[in-house]
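> Now for the letters of each chain:
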Amino acid sequence: MEMQQFYYDNKIVKKFIYATIVFGVVGMLVGLILALMFLFPNMTDGISWLSFGRLRPLHTNAVIFAFVGNAMFAGVYYSLQRLLKARMFSDFLSNLNFWGWQLIIVAAAVSLPLGYSTSKEYAELEWPIDIAIALIWVAFGINMIGTILKRRERHLYVAIWFYIATFVTVAVLHIFNSLELPVTAMKSYSVYAGVQDALVQWWYGHNAVAFFLTTPFLGLMYYFVPKAANRPVYSYRLSIVHFWSLIFLYIWAGPHHLLYSALPTWAQNLGVVFSIMLIAPSWGGMINGLLTLRGVWDKVRVDPVLKFFVVAITGYGMATFEGPMLSLKNVNAIAHFTDWIIAHVHVGALAWNGFMAFGIIYWLIPRMTKSTLYSIKLANFHFWIGTLGIILYTLPMYVAGFTQASMWKQFNPDGTLTYGNFLETVTQIMPMYWMRAAGGLLYLTGMLVLVYNIIQTVRAGATIEDELAEAPALQQISAGRIKGEKYHAWLERKPIQLTIFAVIAILIGGIVQIVPTIMIKSNIPTIASVKPYSPLELEGRDLYIREGCVSCHSQMVRPFRSEVERYGPQSKAGEFVYDHPFLWGSKRTGPDLLREGGKYNDNWHFNHFYSPQSISAGSIMPAYKWLFANEAMDISLIEKKMQAMQTLGVPYSDADIANAQKDLRAQALKIEENLKSDPDFVNSYDNSRKKVEASGEKFVPMNEREIVALIAYIQRLGTDIKVK
Amino acid sequence: MFEQIKHNMETIAGVAIYPILSLLIFFAFFVGLGIWVYSYKKEKIEELSQIPLNDSQTL
Chain U
1 MEMQQFYYDN KIVKKFIYAT IVFGVVGMLV GLILALMFLF PNMTDGISWL
51 SFGRLRPLHT NAVIFAFVGN AMFAGVYYSL QRLLKARMFS DFLSNLNFWG
101 WQLIIVAAAV SLPLGYSTSK EYAELEWPID IAIALIWVAF GINMIGTILK
151 RRERHLYVAI WFYIATFVTV AVLHIFNSLE LPVTAMKSYS VYAGVQDALV
201 QWWYGHNAVA FFLTTPFLGL MYYFVPKAAN RPVYSYRLSI VHFWSLIFLY
251 IWAGPHHLLY SALPTWAQNL GVVFSIMLIA PSWGGMINGL LTLRGVWDKV
301 RVDPVLKFFV VAITGYGMAT FEGPMLSLKN VNAIAHFTDW IIAHVHVGAL
351 AWNGFMAFGI IYWLIPRMTK STLYSIKLAN FHFWIGTLGI ILYTLPMYVA
401 GFTQASMWKQ FNPDGTLTYG NFLETVTQIM PMYWMRAAGG LLYLTGMLVL
451 VYNIIQTVRA GATIEDELAE APALQQISAG RIKGEKYHAW LERKPIQLTI
501 FAVIAILIGG IVQIVPTIMI KSNIPTIASV KPYSPLELEG RDLYIREGCV
551 SCHSQMVRPF RSEVERYGPQ SKAGEFVYDH PFLWGSKRTG PDLLREGGKY
601 NDNWHFNHFY SPQSISAGSI MPAYKWLFAN EAMDISLIEK KMQAMQTLGV
651 PYSDADIANA QKDLRAQALK IEENLKSDPD FVNSYDNSRK KVEASGEKFV
701 PMNEREIVAL IAYIQRLGTD IKVK
Chain A
1 MFEQIKHNME TIAGVAIYPI LSLLIFFAFF VGLGIWVYSY KKEKIEELSQ
51 IPLNDSQTL
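Chain order of the listed sequences is U and A. Just so we're aligned: 613 in the numbering used here is position 613 of the first sequence, and the numbers increase by one with no gaps anywhere. Just so we're aligned: 29 in the numbering used here is position 29 of the second sequence, and the numbers increase by one with no gaps anywhere.
These aren't lab readings, by the way, just hints derived from the structure by calculation. C-beta atoms are modelled at their ideal positions from N, C-alpha and C, and glycine is treated no differently. Misleading hints may appear alongside valid ones.
[Said to hold, decoys possible] Which stretches of chain A does chain U cover? Using the computed rule of at least three CB atoms under 8 Å from a CB of chain U, they are: (1) 25–38; (2) 44–55.
[Stated by the list, open to error] Some chain U residues near chain A, calculated using beta-carbon distances under 8 Å: (3) R82; (4) I240; (5) K676.
[What the hints assert, rightly or not] Pairs of lysine to aspartate or glutamate, EDC-like flavour, derived with a Cα cap of 20 Å: (6) K494(U) <-> E47(A); (7) K599(U) <-> E704(U); (8) K44(A) <-> D678(U).
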């Protein structure tokens with residue numbers, strides 16, 4: 001048999017590992033800053049691009065797509081070549097994948113703090129960046145499939161199945177969730193509205209967790225755990241069952257993010273049932289990973305790589321047990337909107353993704369530099385401080401979630417809410433926020449130890465070069481050989497067929513849920529009194545999106561006595577039919593705002609946005625002083641925005657659009673008039689006018705500033721069907 | 001637990017066929033998967049699971 005020589009591309013792996021480390025530090029650092037903002041809400045006072053609402057999507061995007069994404073690419077590029085005994089299909093595509101991905105990350109790091117956001121969680125990036133993501137992702141896919149086609153190993157190892165499923169599913173999810181109508185180069189509206197937008201978003205959001213954070217890392221687990229333990233996976237049969245049942249079930253579970261919301265109940269229940277079933281394949285995979293270490297547990301005592309893997313897989317097991325539990329409606333009623341969810345995702349991110357990535361980095365770098373790790377002791381230190389960090393992060397968040405949910409639901413014997421002031425339920429859990437920040441600091445410290453350890457290892461080791469390898473070319477299989485073969489073995493040999501089956505498996509669930517919700521009108525009953533937003537309110541809504549208010553405030557009153565008592569009538573599907581995008585939110589750091597309109601007067605909101613603490617002592621909401629700046633709001637796009645909405649089916653008449661500027665000004669002047677009813681406002685307004693005019697600048701009247709639009713939007717919320 | 005699931009689809013005509021169909025699809029999927037997996041030859045499974053460990057023929 002003729003042996004062929006070729007080089008494994010190690011340089012691309014090196015690049016992705018370095019990017020993983022750099023963006024890991026950045027993502028975790030931003031996370032720590034956000035944790036500190038719970039304690040010192042105005043620590044970046046007045047700096048719009050460092051405000052909580054704008055940094056929060058930066059943190060999630062940096063950790064998911066930059067840190068975990070680059071780690072995934074590093075692991076895939078290393079393992080795929082070796083499992084297929086072939087160099088990557090195209091060096092150009094490898095480098096396009098790398099540089100394109102980093103460029104997207106940089107674009108995100110600039111655009112998100114500047115307030116360019118679609119507000120859809122984990123899909124906040126605006127449409128030009130969405131297109132770039134799709135293109136780079138396809139480059140990755142072509143490169144992977146090309147490598148598979150020119151492989152020298154007949155069978156596709158199960159890890160590769162997971163990589164293929166990752167590629168096709170993320171492509172489908174990303175494209176369908178990012179369908180949006182551009183207004184300008186950096187502004188767009190989701191083509192879906194309200195309930196439909198919510199369903200598509202959480203079909204995406206849930207499966208981004210499934211197919212970006214889980215399946216690729218399961219593939220990496222099936223490669224790197226056997227490598228590090230130097231023994232085959234516990235049960236290859238189980239891994240096959242694991243793969244097919246996981247991808248078949250996962251895609252259905254998205255609606256569990258919308259339990260008790262205005263989503264049709266049948267879709268909610270479907271999400272619950274499939275979420276419960278998911279525990280089986282998830283734990284099958286976890287057990288398969290852990291039992292791979294049977295007989296070599298003594299190695300776990302000395303090898304930091306295996307330690308990281310064991311905690312990672314255990315974290316996967318905990319998160320995938322907790323997930324189905326959280327999907328039970330009665331548990332979800334407590335956990336949803338609280339810090340419990342924050343704990344849940346951080347078990348997944350810190351333990352499963354983080355520790356898998358660390359283990360892989362500690363295993364790969366010494367091999368590629370042909371040396372040994374600079375310090376095993378430091379790696380062990382990283383392991384322990386990281387584990388402690390996870391515990392110190394998550395435990396207080398569980399307590400905080402339970403505590404706050406219980407306080408939200410507590411009634412007095414006379415039927416009134418015991419903690420009628422939302423703020424009381426926040427101040428109660430402040431100690432937990434302190435502990436969480438400490439946990440995050442420990443975890444970040446561990447990451448910095450890794451940075452030092454890896455730098456020292458690379459400095460002492462050989463330069464990372466492409467690796468020469470040899471393997472026989474793949475022989476054509478003769479017809480005679482196939483004849484005698486069992487019916488099932490062909491699938492592992494046929495990547496295209498395997499990909500098609502995987503696509504079918506993931507499409508069934510998505511189609512069953514999404515098509516009826518979009519096609520069947522009766523699923524979203526309309527309400528006659530619900531009208532489109534006025535031009536000023538629409539501008540205000542865009543500010544609400546820009547500032548990331550949705551990070552901390554929901555707009556979804558669930559049908560519980562405690563919520564109806566606190567916020568007003570429960571949400572109905574028909575209320576959201578003009579909401580492109582939906583703004584239901586997923587976390588209540590502050591109260592729900594669906595029925596906020598008319599609760600307080602304009603002056604209250606004016607003062608509250610300027611200094612929340614002056615209205616509610618102890619509030620942890622940051623001030624939004626830049627909305628008050630002596631600058632006119634940009635309203636030049638209002639007609640284009642309304643036309644876009646018209647295209648999407650919002651019933652604005654042509655006359656509405658023609659009169660937009662006039663209507664907008666009239667409503668703004670009315671709010672300015674209302675504000676003048678407060679003598680304090682009149683006083684300070686006059687003073688600031690004198691000050692500005694004395695400095696020679698042009699004074700912008702209050703009705704032209706951004707804050708007025710935001711107040712108009714807030715005052716509109718929920719008033720369409722408000723029962724007086 | 002199933003109280004909440006029971007009633008919300010009763011209004012669709014002929015709805016009873018859907019749960020039966022779903023059950024059949026799932027049953028067939030997992031039975032098929034089981035048969036497929038357990039009809040592998042033991043040596044084949046061994047060979048497949050060794051793939052990651054056989055990749056080190058580097059020079």
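> CA of K494(U) to CA of E47(A), is that 20 Å or under?
The hint holds at about 17 Å.
> Take a quick look at whether K44(A) and D678(U) sit within 20 Å of each other, Cα to Cα.
Violated, at roughly 82 Å.
> Verify the coverage statement for the stretch 25–38 of chain A against chain U, using a C-beta to C-beta distance below 8 Å and requiring 3 or more qualifying residues.
With 7 residues in contact (Cβ-Cβ under 8 Å with chain U), the coverage given for the stretch 25–38 of chain A holds.
> Using Cβ atoms only, decide whether I240(U) comes closer than 8 Å to chain A, and label the hint accordingly.
holds (5 Å)
> Against chain U, does the stretch 44–55 of chain A show at least 3 residues with beta-carbon separation below 8 Å?
holds (count 11)
> When you check the alpha-carbon spacing of K599(U) and E704(U), does it fall within 20 Å?
With a Cα-Cα distance of about 24 Å, the restraint between K599(U) and E704(U) is violated, given a limit of 20 Å.
> With a cut-off of 8 Å, does the beta carbon of R82(U) approach a beta carbon of chain A closely enough for the hint to hold?
Holds: closest Cβ of chain A sits about 4 Å from R82(U), inside 8 Å.
> Regarding the hint that K676(U) lies at the interface with chain A, is the smallest CB-CB distance below 8 Å?
Not OK, violated: K676(U) not within 8 Å of chain A, min 52 Å.
Hints 5, 7 and 8 from the earlier list are contradicted by this structure; the remaining hints agree with it.
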